[in-house]
Amino acid sequence: MQKRQWIHGWLLVLPAMVFLLLFTHVPALTTIWNSFFSTPRGRRPSRFVGLDNYDRLFDDPVFWKVLGNNLWFALGTIPVSIALAIVMALFVNRAFTGRSLVRMAYFTPTVLPLIAVANIWLFFYTPGFGLIDQLLGAMGFGQTNLLGSPDTALAAIMAVTIWKEAGFFMIFYLAALQSIPPQLTEAARIEGADGWTIFRRVTFPLLMPTTLFVSINAVINSFRLVDHIFILTNGGPDNASSLLLFYIYETSFRYWDTAYGATLTVVMLALLCLLAIGQFFFFDRKVHYK
Amino acid sequence: MTRFDRWLANSGAILLGLLWILPLLYAIWTAVHPAEYEARFVLDAPLTLDNFAKAWAAAPFARYFLNTFTLVTAILIGQFVLCTLAAYAFARYRFAGRDVLFALVLLQLLVMPDILIVENYKMIRTLGLVDTITAIALPYIASGFGVFLLRQTFMTVPQELDDAARIEGAGTLAILWRVYVPLAKPTYLAYGLVSVSHHWNNFLWPLIVTNSVETRPVTVGLSVFSTTDSGIEWSVINAATLMTSGPLLIAFLLFQRQFVQSFMRAGIK
Amino acid sequence: MLAKLIKGAAASATLALASALPAQAVDLQFYFPVAVGGGAAETIEALTNEYTADHPGVNIDAVYAGSYQDTITKVITAARGGNAPQLSVALAVDMFTLIDEDLILPFDDFIKTDEDRAWLNSFYPAFMENSQTGGKTYGIPFQRSTPVLYWNKAAFAEAGLDPETPPATWEEMVEMGKKLTKKDANGNVTQWGVRIPSSGFPYWLFQGLTTENDVILANADGNKTNFDDPKVVEALEYMVSLSKDHGVMEPGIVEWGATPKAFFEGQAAMMWTTTGNLTNVRKNAPFDFGVGMLPANKRRGAPTGGGNFYLFKGTSDEQLSQAVDFIKWITAPEQSAKWTMATGYVAPRPATWETETMKQYAKDFPPALIARDQLEFAVAELSTYQNQRITQIFNDALAAAITGQKDAATALAEAQAKADAILADYR
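So the protein sequences, as listed, match chains F, G and Y. Numbered by the UniProt record's numbering, the letters in the first sequence go through residues 1 to 290 in order. Numbered by the UniProt record's numbering, the letters in the second sequence go through residues 1 to 269 in order. Numbered by the UniProt record's numbering, the letters in the third sequence go through residues 1 to 427 in order.
Chain F extracted, bound-state conformation (with noise of 0.2 Å):
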């Protein structure tokens, strides 16, 4: 019985193991390993050079702006989109006339690619007949470039990824604000507690488990979602507003230096997995997952 029990745990774990060992953890394995040789080129093959890769890396400028970058735009995208969708999913749980309006509203980003609104978000970033420019010029103020100049690139790219997250971590926050009892704010409303308090004591708290987990996500997009930098700035001025995930792909697929993008990888990887333990440890404290 017992052995039983082994096959068929291993028979039902293996068509899945099989393809997340062959394209997350075996490829995860070979950046490592592929980190340590050089890149073959044409008539050159790779030939192992033991920490080169690394030391250029070090050397490398690019990449510390490229790192620095992700940082802010991490710190940046993660707090914001999450208070916002908080914001978002208190405002349409409650009845108002248009309301389903309002909740697609902030929907739509989910929808649309992102490769494609980027488009839209240049034209509304355009210097001159762009629209923030044509509404600024409207109160009577000068021109502004903001994808044009080092100051603000990032802040403009931050900008549009909190536009496309927000509406759709709403979606997990609302799902957790109807689930809560409404006797419970019912009850400390009765006590006289106000509309902020009643937040921060009741709602907030009760939120907790969602916000673990959209942070989780929010914290993954902040290394993967690169779709609206191709169109916006490639990465420019000066790799002003370049993340780690764009240079990775700049390295490997427009120099095609794989093996500085593996090493890029590696520490894309080594990020990752603090983060991972990080989380680890918060949701051990946090939140009881059976």
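If you're looking for bench data, these hints aren't it; they were derived computationally from the structure. Yeah, the Cβ is synthetic: ideal placement off N, Cα and C, and Gly gets one too. Hints may be right or wrong, so weigh each one.
If you want the footprint, here are the derived chain Y segments under chain G, 3+ residues with CB under 8 Å [unchecked claim]:
#	stretch
1	75-84
2	112-124
3	181-187
For each label pair, taking beta carbons as the anchor points, the in silico distance ranges come out as [unchecked claim]:
#	chain 1	residue 1	chain 2	residue 2	range
4	Y	Pro350	F	Ser46	44 to 50 Å
5	G	Leu8	Y	Lys283	29 to 35 Å
6	G	Leu25	Y	Asp108	54 to 60 Å
7	Y	Lys136	F	Ser46	24 to 30 Å
8	F	Met208	G	Leu254	28 to 34 Å
9	Y	Lys313	G	Leu19	38 to 44 Å
10	Y	Glu45	F	Met208	42 to 48 Å
11	G	Leu18	Y	Lys298	52 to 58 Å
Simulated crosslink set (DSS-like; lysine-lysine; CA at most 25 Å straight-line) [claimed, not checked]:
#	chain 1	residue 1	chain 2	residue 2
12	Y	Lys178	Y	Lys298
13	Y	Lys328	Y	Lys338
14	Y	Lys359	Y	Lys328
15	F	Lys65	Y	Lys359
16	G	Lys54	Y	Lys283
17	Y	Lys136	Y	Lys313
18	Y	Lys153	Y	Lys136
19	G	Lys122	Y	Lys313
20	Y	Lys136	Y	Lys231
21	G	Lys54	Y	Lys338
22	Y	Lys136	Y	Lys283
23	Y	Lys359	Y	Lys283
Given the coordinates of chain F, work out where chains G and Y should sit on it, guided by the hints.
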């Protein structure tokens, strides 16, 4: 809540909604007006459907759409089947190595195939699958998130139901199919929603592994269509965007209430 | 093991299929970069259809692959993935990269008759500079362009300038630019004098300035750059001064894709962009416009640009000969004329300009001739080994100077050092 508070919250909600839907409104504006009105918002701008005709003629969007549809369906079916089997084992079986394997599954929540583009491309090349829809789908067929989610749901199914079915002589797969899957319907719906919207919009990996019209999904098709060396033509690009996202947009519009409810019942919250 | 099995099965299936088909069936696949607007995609399709109608048994699958940069990325990805196209239109400047990757073949192997040799020698020399190396020809010019200056005649007249005369020198461009820059009551600029886009691939238009300053950016062997040459620094300082000192150009990085629209909207009175935009501007500009050569400094000059046909390794001789035959056909004067008229790309052979259709076209639309006449002053576009990376280093330096993060000399010196480190391997 006072009347004023309510009014404030409502206008806030609507204002934020307007801000959020602005890109879509702009897409519609440009798509139904001639190119001269891309940056000029006047009420008497003439209406036209030319942009749709132009976009339709300039690129094989029907084909792109079919490719995306095939891709998303294939991934969804693959994920449902593989994740269901694995989740059931993790939820209800005891076997050596279970915890290690489950840890490996969870690892994929963070180390997702999207970032392993270099090695996955090599893998696809070794398999001789470059430029196929299969190649776009393979890395995503088994999903750590899916396994995790379904395992959580399966664990809430009372063991007695399982035992009762077993006593009646049902096999493993029959039990799974007749007892567990029906009870996990909301989870499938919610997970399906996340999966479809993710893969419908996925761009980087398909960009790398596809080379031809026959395999390009909508996202890559749109990017190929819009990155030009002459100027950007917002009216045509936006018409193309609306054409290709329209069906999904409408589907979500019609079913949004069900989606939220399924999220609620699935316990993704 | 699994891979081998699959490959083996696929190979034998292909073999079985191939032997079942009539012997003369030849399949050609080629990638090309296009724009949405110019009608380029339709023209290519019409031309390939015409060719296949005349050549039964030949199938041509023309795949459009996005911008120049996307196309070269796709071509290399596909070739490295083992399914190279037979031929492709890709950036002329990536010749060294494609040689380095061992992906392309010289055309010389397919040049047998005197007629073939005459064909090879019938292109403008300016275009061949980016197409030949080591005595061999790797690229055949097709979708070639060069930057020109477009100006808004209405804006010129309004500013009290002669609407028929564009600036001829750097100084004139600044002077006219100042007259053309308009401000509203709040002191905000509503019309800029000139627009030289600097997003994506700023090196190309900037190369107009360096050429005019009588300096070349890289040697003919593609293994040494001159980014820190004082004349290059001077050219960059001039470009920076347009917005910083003279206030005639929008500050910061200027988006390439939005440039024609900005011109149509009256946001800029002059713009530098590719001749590939000629048809687009002709169709969409709501005012009278002129097309002129880029203004001169020490000399006149401009880079060439655009795409060449390449032949890829890894396919049968039969397919390759057929591919060469197709390239000969599509670059013949009559076909080439159709292509030029549909897009504005510069016809790469003098013979094309002698056809009746082209003569008529040039008569109706004289600006079409400007690009051709400018070829006399044109030089090879910046092209080196590891081209994408070297140009990116250069682009980053230009962006740093344009956005004021570094001064021109520092930015360029750094870029030169980085380029040297990479190109040292190729010397």
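### Query
Which hints from the list above does the structure break, by number from lowest to highest?
2, 3, 5, 9, 10, 15, 18, 20, 22
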